[in-house]
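Engineer: Protein chains in written order, with the numbering used here: chain F, 13 to 314; chain S, 25 to 557; chain D, 943 to 1265.
One thing to keep in mind: the hints can contain errors.
No farther apart than 20 Å at their CA atoms in a straight line, the calculated lysine to any residue pairs in the SDA-like style are these [unchecked claim]: (1) LYS343(S) with ILE224(F); (2) LYS216(S) with LYS1184(D); (3) LYS1123(D) with TYR229(S).
Here are some of the chain F residues that sit facing chain D, going by a computed Cβ distance under 10 Å [said to hold, decoys possible]: (4) VAL45; (5) PRO48; (6) ILE126; (7) ALA127; (8) LEU161; (9) ALA247.
Computed list of chain D residues with no C-beta within reach of chain F, every gap over 10 Å [to be verified]: (10) LEU953; (11) ILE972; (12) GLU999; (13) SER1033; (14) ARG1078; (15) ILE1082; (16) ALA1083; (17) ILE1085; (18) PRO1088; (19) PHE1090; (20) VAL1103; (21) ARG1149; (22) VAL1177; (23) PHE1221; (24) VAL1240.
Bear in mind the hints are in silico, worked out from the structure with no lab data behind them.
By construction, the Cβ of each residue, glycine as well, lies at the ideal position given by its N, Cα and C atoms.
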Amino acid sequence: MSTASPVDSVSALAEDGRRPRRTVLEHILSFSVTQPLGAFGMILVLLMAIAAVSAPWLAPYDPTANDFAAMTEGPSWGHLMGTDQFGRDVLSRILFGAQTAMIVGFTCALVGGIAGLVLGVGSAYFGGSIDLVFQRVLDVLMAFPLIILALAVVAIFGTGVHNVIAAITIPLIPRCARVVRSSALSIREVPYVDAARACGFSHARIIFRHMIPNVMAPFLIVITAFVGQAILAEASLSYLGLGVQEPTPAWGLMLQGGAEEYATTAPWIAVFPGLAIALTVFGISLFGDALRDALDPKLRGR
Amino acid sequence: MKKITMLLAVSMIAAAFAAPANAAETPKRGGILTYMIPADAPPSFDGHRETTYATVHAAAPFYSVLIRVNPENPSSTTDFVCDLCTEMPKPTDDGRTYTFKIRQGVKFHDGSPLTAADVAASWQEIVHPSEGVSSARESYFVMVDKVEATDSSTVVFHLKYTTQAFLPALADPYAWIYEKKILDQDPHWYEKNIMGSGPFKFDGYEAGQSIKGVRNPDYYHKGQPYLDGFVGIFAAKQAVRVDAIRADRAAMEFRGLPPSAVDQLEKELGDKIAVQKSDWNCGNLVTPNHKKKPFDDVRVRRALALAIDAWHDAPALSKIATVHTVGGIVFPGSPLAATQEELEKIAGFWPDIDKSRAEAKRLLKEAGAEGLSFVLLNRNVDQPYKYVATWLIDEWSKIGLKVTQRVLPTGPFFEALRNNDFDVTLDFNCQGVVNPLLDVGKFLPHTVYTENYGNYEDQKEIDLYQKMLHEPDEKKVRAEMRDFETYVLDTETHMIMTPWWYRVIPYRSYVKGWKISPSHYINQDLANVWLDK
Amino acid sequence: MYRYIANRLLLTIPTLVGAAALVFALMRLIPGDICVVRLASGGGTFDPHSVAVCHAELGLDRPMIVQFLDFLLGIFRFDFGLSMWTGKPVSSEIATRLPISIEVALLATVVAIAFAIPLGTISALKQNTWIDSVVRTVAIAGIATPSFWLGIVVLIAILDVTNLVSGSPWMPPIDYVPLWKDPIRNLSMAFWPAVTVGYRYSAVTMRMTRSAMLEVMREDYIRTARAKGLLDRIVINRHALKNALLPVVTLIGIEFAFLIGGLVVTEQVFNLNGIGRLFVLSVQNQDYTLTQALVMLVVTVFVVTNLLVDLLYAWLDPRIRFA
Chain F
13 MSTASPVDSV
23 SALAEDGRRP
33 RRTVLEHILS
43 FSVTQPLGAF
53 GMILVLLMAI
63 AAVSAPWLAP
73 YDPTANDFAA
83 MTEGPSWGHL
93 MGTDQFGRDV
103 LSRILFGAQT
113 AMIVGFTCAL
123 VGGIAGLVLG
133 VGSAYFGGSI
143 DLVFQRVLDV
153 LMAFPLIILA
163 LAVVAIFGTG
173 VHNVIAAITI
183 PLIPRCARVV
193 RSSALSIREV
203 PYVDAARACG
213 FSHARIIFRH
223 MIPNVMAPFL
233 IVITAFVGQA
243 ILAEASLSYL
253 GLGVQEPTPA
263 WGLMLQGGAE
273 EYATTAPWIA
283 VFPGLAIALT
293 VFGISLFGDA
303 LRDALDPKLR
313 GR
Chain S
25 MKKITMLLAV
35 SMIAAAFAAP
45 ANAAETPKRG
55 GILTYMIPAD
65 APPSFDGHRE
75 TTYATVHAAA
85 PFYSVLIRVN
95 PENPSSTTDF
105 VCDLCTEMPK
115 PTDDGRTYTF
125 KIRQGVKFHD
135 GSPLTAADVA
145 ASWQEIVHPS
155 EGVSSARESY
165 FVMVDKVEAT
175 DSSTVVFHLK
185 YTTQAFLPAL
195 ADPYAWIYEK
205 KILDQDPHWY
215 EKNIMGSGPF
225 KFDGYEAGQS
235 IKGVRNPDYY
245 HKGQPYLDGF
255 VGIFAAKQAV
265 RVDAIRADRA
275 AMEFRGLPPS
285 AVDQLEKELG
295 DKIAVQKSDW
305 NCGNLVTPNH
315 KKKPFDDVRV
325 RRALALAIDA
335 WHDAPALSKI
345 ATVHTVGGIV
355 FPGSPLAATQ
365 EELEKIAGFW
375 PDIDKSRAEA
385 KRLLKEAGAE
395 GLSFVLLNRN
405 VDQPYKYVAT
415 WLIDEWSKIG
425 LKVTQRVLPT
435 GPFFEALRNN
445 DFDVTLDFNC
455 QGVVNPLLDV
465 GKFLPHTVYT
475 ENYGNYEDQK
485 EIDLYQKMLH
495 EPDEKKVRAE
505 MRDFETYVLD
515 TETHMIMTPW
525 WYRVIPYRSY
535 VKGWKISPSH
545 YINQDLANVW
555 LDK
Chain D
943 MYRYIANRLL
953 LTIPTLVGAA
963 ALVFALMRLI
973 PGDICVVRLA
983 SGGGTFDPHS
993 VAVCHAELGL
1003 DRPMIVQFLD
1013 FLLGIFRFDF
1023 GLSMWTGKPV
1033 SSEIATRLPI
1043 SIEVALLATV
1053 VAIAFAIPLG
1063 TISALKQNTW
1073 IDSVVRTVAI
1083 AGIATPSFWL
1093 GIVVLIAILD
1103 VTNLVSGSPW
1113 MPPIDYVPLW
1123 KDPIRNLSMA
1133 FWPAVTVGYR
1143 YSAVTMRMTR
1153 SAMLEVMRED
1163 YIRTARAKGL
1173 LDRIVINRHA
1183 LKNALLPVVT
1193 LIGIEFAFLI
1203 GGLVVTEQVF
1213 NLNGIGRLFV
1223 LSVQNQDYTL
1233 TQALVMLVVT
1243 VFVVTNLLVD
1253 LLYAWLDPRI
1263 RFA
């Protein structure tokens, strides 16, 4: 992964005062033109988000209402994506599942990312023994694969949406902290930080006004990746039966239990949630990739 | 004339070919039976200590027992036959003494002879385990005062009181006969080692993978076992087991598969698959925590029962989950079970569901618990726990209750139960040999039955039960059972029944001889199984 | 250089000790009691006395700090104790299940490298062309698809296709035989999970290769080489690829360790008797000794891999090598 070099970032900061400021819309438009795949990804994610928000109006059925008269029916006009083994409408469950996915994905990414950002930059800024200890703690936490740590948290606190969010957020924090820290370390050495201290600026002000903006690029990239990782992690936990529980509609949960049982006789029960997950993470990854390309100043000129 | 002769000849030849298919089949010797064990690995091989079917499915073929459910008629709840004894004894001394004569010439797999001393020592460990040894079913045998070997071929059981519950308890499929010499040296030896006198000899175990057995040529039931050997493969995942049967990597499994899997196999393999079905001596129950408000109020508990439309929903549920028969607290196939008319008087079994739900709402209002929301504790097992829970939550929503689920893996689940850390829990009552008098012990308060998690006291209930347990007259027992059932499910609504589990075993049709029973613990020694290949 | 090595080696010790402490604490925070699980697993009754006996047997009645020290010292002696669930030595429980996991992990790595490096390189060289877009899409799809879902789909496809073609469905073997005993059976079991896991692994490596190549291609010395008139093929093979491979090798090393974590779900799907499945089981059973040992195993693999990669970097970077 390439990150901006400190000199470029600083000059970019300095340049901003002289270049005409572009509106957000113009940023998005230029992004779409230079990174068409990324724009496509963004649209996919937007679609999922819209589905999530408008699920109560869009969904034709109540996602948790069992209908024993219509069990495992294939896609039809009445049920566009068929019904599952309880007779529940798959399309409605997918739409409401988008809510769970968005909530889990974005909450874990944001909370984990911001916590990691503050911790990573703070550690890089203060340096010394604080940084040394922090590095060791990061080493320990990073040595655990994500799923294993998440499994342990769920085992301790139990299942359910809130615990799943906590279980996934916790392993994400050190991953963000590590990336942000290495980026922040290079900024730490730049003379103007020392100058700022000499001027009497407080620690907090330097961290928030000067260091954090300069690690925005890698931070944003890491956060976008986190959303996808969180959604996949929730799916894995639910597959193991340790994630969100019935009857909550959630894509990962829909792939568990019944889906495998009915894989050959009623494949739509497993196919649609799997597609939903894949498409969402696909979109996020495309967007994240394009974002990285766009933010990398070495590639900017091209 | 010639034509008629020809016709006769042809039809005779046809009949000659058709006859073997209709006549009783003679077992063929030979072949290896490969079957799946729906578990990861048993904690140990000691049948006395364990309660998991994984131990039975893995090791029962290596051992003998004293008496057992008739392997040719295992769905009967009263047909017990001898395994190691010579004939079923009539109890003497007012029904308090049972004297068993042990077969001669039985040998353990290491060559040593099996005598009454071994039988008595094994049973002693089950009934009155020595220090440091745990016997999982010790409480089933509280009626036993003493067991002793009076000579090398006689074992006598002395009971404290007469009870109908003893003989079925004695047929316990976990009551394997161990060698006294080994037990004396090391009572824990059988946890990690296998050495019995059963139809198969131990031939290897790979942890988490498979267990193997080969024919015991000195088996005392002449002619058996028909199989050369068997391989039991461990696979906790249902999809793997179904695929294995589909691809003929294994012939069957012995626990039970849900209807969806069975349908799939039948559709795809046609007559290469045979299916046996049976009611299961297992069921889920709903247990409210009597010390948590508002479940201390019997009206709220009864409302929970009245909301459930079992009669109407059971047929649909039985298509997707391993449940089937609506019944009371007694196993549906037993003579002690309630008839439909008797059931319909009990809360939760009323034939008119609208009336039932209206009454439920009225009770909730009266108790001030309208629109109540609570958390249902459940165990992390798909079939049928999670399916039943999803169904119940929807049923309760129809009387305005908002219920969410809290699912825990087995360990933390038991912890939460023992600490009474729940509002309402999905509970289970799974027993081996159908023995209603002991099986309904589950409904007794914790002080009497440690596996009851309702968190209540009820002396009246205990009295009703004791009266029934000590009742010598069979007819009176049935009436007392009705009283007990009504008291538990309706008057106090201590617990709520959900449809009884249902065992459906699809298997490759070349497997013959095995018959299904109401318990996945019994009839697993595979001695009478043969392959038609 | 030697100072660097010594430093690095020393740093692994607090990491391992910290990881041991963390896993020890986590295990004991899980509510529940293994003795109760063992004695009450089938619905039979258990009596508190048996539970107490079991506690004493397993050493669970000792104070926490004693248990922790016992565990820690055990690691250094390579004695991980007995599994609390089966009573057999932890090392034998793990040893039975290690071969298949390692085999799948190695096979997946081979598959990944075989596809990722050439495809990633081509994608970088033809940046922003349709080839690049196709490769990037395939790579991202590999990361986006839940691996267990892919596994399920693969299994169903195998069964259905063989059914269609030959009239009876075929399934990979479900019981493990070592490679030297029956290579075909062994490989037909390990191949499918390796491919499923390898797809994702190769996707990540593909992206890394592409991005590393892109960076290297911008370097001045590449421009110089080109200006010198060297053939593109030589420029790529002798200059670009070699330098690009460094971060790629790092990634492969790190991802290998993460692969072990990914096995947790894959082994469930394919019913492999490996350490991933063992881990889930041991957590569910609250088998402290086994879980602790497994986690330490994974953590150690990760730490050692990181160490090797760092040392490799140090050796290749003349600034450190000749310090």
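Engineer: Now tell me if each hint is right for this structure.
Structural biologist: Hint check:
The straight-line distance between the Cα atoms of LYS343(S) and ILE224(F) is roughly 58 Å, outside the 20 Å bound, and the hint therefore fails. The hinted pair formed by LYS216(S) and LYS1184(D) fails the criterion: a straight-line CA distance of about 55 Å is larger than 20 Å. Straight-line distance between C-alpha atoms of LYS1123(D) and TYR229(S) comes to about 17 Å, which keeps the hinted pair within the 20 Å bound. Restraint check, VAL45(F) versus chain D: the minimum CB separation of about 13 Å is more than 10 Å; hint violated.
For the restraint placing PRO48(F) at the interface with chain D, the shortest Cβ-Cβ distance is roughly 9 Å, inside the 10 Å limit, so the hint holds. Evaluation of the ILE126(F) hint against chain D yields a violated restraint, the C-beta minimum of about 23 Å exceeding 10 Å. Taking 10 Å as the C-beta cut-off, the interface hint given for ALA127(F) is violated, the closest approach to chain D being about 18 Å. With a cut of 10 Å, the hint placing LEU161(F) at the interface with chain D holds, because the nearest CB-to-CB distance is about 8 Å.
At a threshold of 10 Å, the smallest CB-CB gap from ALA247(F) to chain D is about 5 Å, leaving the interface hint in force. Once the 10 Å rule is applied to beta carbons, LEU953(D) is inconsistent with being away from chain F; the minimum gap is 8 Å. A cut-off of 10 Å between C-beta atoms contradicts the statement that ILE972(D) is not in contact with chain F; the least separation is 5 Å. Non-interface call for GLU999(D) relative to chain F: holds, since the shortest CB-CB distance, roughly 23 Å, exceeds 10 Å.
The Cβ of SER1033(D) sits about 20 Å from the closest Cβ of chain F, beyond the 10 Å cut-off, so the non-interface label holds. ARG1078(D), annotated as away from the interface, has a beta carbon of chain F within 10 Å; the closest lies near 7 Å. Not every C-beta of chain F lies more than 10 Å from that of ILE1082(D), the closest at about 4 Å, which undercuts listing it as non-interface. The Cβ of ALA1083(D) does not lie farther than 10 Å from every Cβ of chain F; its closest approach is about 6 Å, which violates its non-interface assignment.
Not every C-beta of chain F lies more than 10 Å from that of ILE1085(D), the closest at about 6 Å, which undercuts listing it as non-interface. Once the 10 Å rule is applied to beta carbons, PRO1088(D) is inconsistent with being away from chain F; the minimum gap is 5 Å. With 10 Å as the threshold on Cβ separation, the claim that PHE1090(D) sits away from chain F is violated: the shortest Cβ distance comes to roughly 5 Å. With a minimum CB-CB distance of about 12 Å to chain F, VAL1103(D) clears the 10 Å threshold, and the non-interface call stands.
For ARG1149(D), the requirement that its beta carbon stay farther than 10 Å from each beta carbon of chain F is not met, with the minimum near 8 Å. Under the 10 Å C-beta cut-off, the non-interface status given to VAL1177(D) relative to chain F holds; the minimum distance is some 19 Å. A cut-off of 10 Å between C-beta atoms contradicts the statement that PHE1221(D) is not in contact with chain F; the least separation is 7 Å. Its beta-carbon lying about 7 Å from the closest one in chain F, VAL1240(D) breaks the requirement of being farther than 10 Å from that chain.
Checked against the numbered hints given earlier, this structure breaks hints 1, 2, 4, 6, 7, 10, 11, 14, 15, 16, 17, 18, 19, 21, 23, 24; the rest are met.
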